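*Asks:* Make a model of the complete structure from these sequences and hints.
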Amino acid sequence: MTYAGYVFAGYGITFVALGVYAWRLVARGRALSRALPPEERRWR
Amino acid sequence: MTTSTRATRILGALAVGGLALTAVLALVVSPPDVNQKDAVRLLYLHAPTAWLALYLSFGVTTISSALYLWPRTRARFWDLAAGASAEIGVLFLGLTLVIGSIWGRTTWGVWWTWDARLTTTAVLFVLYLGYLALRRVPDDTEVRSKRCAIAALAAFVGVPIVHQSVEWWRTLHQPASILDERRLLDPAIHGSMAWTLVVGVIAFTLVYAWLLIHRFRVAWLEERLEDRVLESALAERRAEASAELVRGPR
Amino acid sequence: MFRDAALVAGKDLRVEFRSRVATNQVAPYALLVLIVFAFALDPDRGFLTKAAPGLFWVAVVFSALLAIQRSFTIEAADGGRDALRLSGLDPSGIFIGKAGAVAVQLALLEVVLGLGVVVLYNAPLGGAVLLATTCVLATVGLAAAGTVFGVLVGGLRVRDTLLPLLLLPVLAPLVLGATRATEYALAGTPADGWLWVQLVGAFAAVYTAFGIVAFGPLLEES
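Protein chains in written order, with our numbering: chain A, 1 to 44; chain B, 1 to 250; chain C, 1 to 222.
Simulated from the structure, these hints should not be mistaken for lab results. None of these values were measured; they are calculated from a predicted model. There could be a bad hint or two in this list.
[Stated by the list, open to error] Which chain B residues face chain C? A few, computed with CB under 10 Å, are given here:
1) K146
2) G158
3) S165
[Unchecked claim] A few chain B residues that don't get close to chain A, going by computed Cβ distances all over 10 Å:
4) A39
5) V60
6) L91
7) R136
8) V143
9) H163
10) V198
11) W210
The beta-carbon is built from N, C-alpha and C at its ideal position, and this holds for glycine as well.
*Replies:* See below:
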């Protein structure tokens, strides 16, 4: 028994979930930055 | 203009690289387990996400909450850090449960069982979901932050009790069987399996760091935006009021 | 601190006595929960009897949610929360008073539910000392943890949905310990149950201590 399907499902879910979350974070960050003038950012 | 900086881009690249390396090691290089066959490959995801969520993420949340409550170290930084870390912790813990469930299906034949660790994990998952719900309740910033910080500590206080009680529940009168997860994740594993696990932990730690920085910055920006919106609304109102004074009420 | 506690407890209990919400609504609700369980589980094959300890404590917990919500709803009306804050009463005393009032109500509910379980589920009785100790400690723990989270969400509009979400996971070890101890008491082997009583006792101690310390700051907010 190879369980290949299960393994790929597991890896797929993990990477997709992480990717989607990361993507939405970055998108939200961009939108917020656009709504604020540059002096509001704390880093750099 | 984004929440990224050169440092986070490097971090992100390392994280992605780490994940890729983990995947290669886990799926291709490392051998199938004698008993579990290929299902063991899921553990290279399951163990790191579990450790990172339970110890790092929620640990950071608890410590940040304490630092926020302590008057001498109180700062917006700690409140935002606590929230960001908790959210990522819930994400990781959710993944832990899902992957663990899939793994359980292959090895134990069931999607779930009420073993000590699973039960504790499920309880913690719901607990921190509740914490996240509490964070979303709109209120004065200081008030909400203090309330959430106390809630985080109240929850944390229960964690060792949950852990101990469930341990007693499932191990006291039930002899360890083949279902004992601890036996299967034998610390005496050797060779490429051990390496893959180490790489996996490092990779996920990088992922956590990257996510934390971005989530924190997003929260920071959201707060700035809220303040500005409030300020401009107040300014408008003041302008209206003084215009009324000059003009006389309409 | 204890004088303030008695004051607050007395007030809460008097409010309860006059409005009779616990007797008219919470107790029937508790019995209804027992009845619904009977519909859900097969009464003929002895499931109910075997599950009686667990079902008892689940019913107690659900009823406790109502009692705790009530404890803070009576403050929410007419700015009672502000009055409490400005009253100059020791917050730890307020905590003990409120938790104490909830505990008294729960204790009475447990008697009712206990009778219900014995009659409706055919549960045996036994191990009286263990049972009594378990009930006392569990009641204290339930009231303490409930009051902590109750004041946490008490001022919010979403408190009715948020309280169970926050409180139930926290109560998991309490339910576990109380149920196991009760099982051993009813099965006639109380010796094993005392370990679980320790767990329940630890839980009660931890949340009582936490409540005494944290209630003040929590009341200040919101």
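*Asks:* Now look at each hint and say whether the structure bears it out.
*Replies:* Now for the hints, and whether the structure bears them out:
no.: 1; hint: K146; result: holds (5 Å)
no.: 2; hint: G158; result: holds (5 Å)
no.: 3; hint: S165; result: holds (4 Å)
no.: 4; hint: A39; result: violated (5 Å)
no.: 5; hint: V60; result: holds (17 Å)
no.: 6; hint: L91; result: violated (6 Å)
no.: 7; hint: R136; result: holds (15 Å)
no.: 8; hint: V143; result: holds (23 Å)
no.: 9; hint: H163; result: holds (25 Å)
no.: 10; hint: V198; result: holds (18 Å)
no.: 11; hint: W210; result: violated (8 Å)
In this structure, the hints that do not hold are numbers 4, 6 and 11, in rising order.
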